[in-house]
Amino acid sequence: MIVIDAASPVPPFEQLRAQLARQIQDRTLAVGARLPTIRHLAADLGLAVNTVGRAYRELEEAGLIETRGRAGSFVSAAGEEGRERARRAAADYAAVIASIGLDAGEALRIVQAALAAGAAAPASS
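According to full-length UniProt numbering, the stretch in the sequence shown is residues 1 to 125, in order.
Worth flagging that the hints you see were computed from the coordinates, not collected in a lab.
We treat Cβ as the ideally placed atom computed from N, Cα and C, and that holds for glycine.
Incorrect hints may have been included.
The calculated label-pair distances, taken between Cβ atoms and stated as ranges, are [said to hold, decoys possible]:
(1) V10 - V31: 40 to 50 angstroms
(2) A117 - A94: 43 to 53 angstroms
(3) A104 - I4: 23 to 33 angstroms
(4) A113 - V10: 18 to 28 angstroms
(5) G72 - L102: 21 to 31 angstroms
(6) G101 - H40: 49 to 59 angstroms
(7) Q25 - T67: 41 to 51 angstroms
(8) R85 - E60: 14 to 24 angstroms
(9) A94 - H40: 26 to 36 angstroms
(10) S99 - R39: 53 to 63 angstroms
(11) I4 - E61: 35 to 45 angstroms
(12) V96 - P9: 16 to 26 angstroms
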């Protein structure tokens, strides 16, 4: 279920994009699930077609959905691949931390700093 808050300072396309991304990441929307057409979702949510189209384009650019022409838009398996890459990177990081003898608290602070730096970096397009 998608809810758009018209009073929110967050633009409607971003509210939609974030909610769909969250549903894909938490597997509420499974890999291969067909998304509503842009026109249908726009009508259901009372949004402009271009607003929904922008959210879908950004989800596609992020690899979370794929559009198959007239067949529609579907949840991509790339999200699962990304999760697996993150899991492998975390396992590699844990091995490095163990090999150099850092404690878990320090390791987590390093990760938090890296994530904060990544979130603060401007997005490349």
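Hint-by-hint comparison with the structure:
1. Hint check: V10 to V31, Cβ distance near 27 angstroms, so the stated range 40 to 50 angstroms is violated.
2. A hinted range of 43 to 53 angstroms for the beta carbons of A117 and A94 is inconsistent with their spacing of about 20 angstroms.
3. Checked against the hint of 23 to 33 angstroms, the pair A104 and I4 fails, with Cβ atoms roughly 40 angstroms apart.
4. Between A113 and V10 the beta carbons are some 26 angstroms apart, a value that agrees with the proposed interval 18 to 28 angstroms.
5. Taking the beta carbon of each, G72 and L102 are about 48 angstroms apart, not inside 21 to 31 angstroms as hinted.
6. A C-beta distance of roughly 56 angstroms is found between G101 and H40, which places it inside the suggested range of 49 to 59 angstroms.
7. Range check, Q25 to T67: about 19 angstroms between beta-carbon atoms, so the 41 to 51 angstroms window is missed.
8. For the hinted restraint 14 to 24 angstroms between R85 and E60, the CB-CB distance of approximately 19 angstroms keeps it satisfied.
9. Between A94 and H40 the CB atoms are about 45 angstroms apart, so this pair departs from the stated range of 26 to 36 angstroms.
10. Between S99 and R39 the Cβ separation comes to about 55 angstroms, which falls inside the hinted range of 53 to 63 angstroms.
11. The supplied range of 35 to 45 angstroms is broken by I4 and E61, whose beta-carbon atoms lie about 21 angstroms from each other.
12. Distance hint check for V96 and P9: the Cβ-Cβ separation is about 41 angstroms, which falls outside the suggested range of 16 to 26 angstroms.
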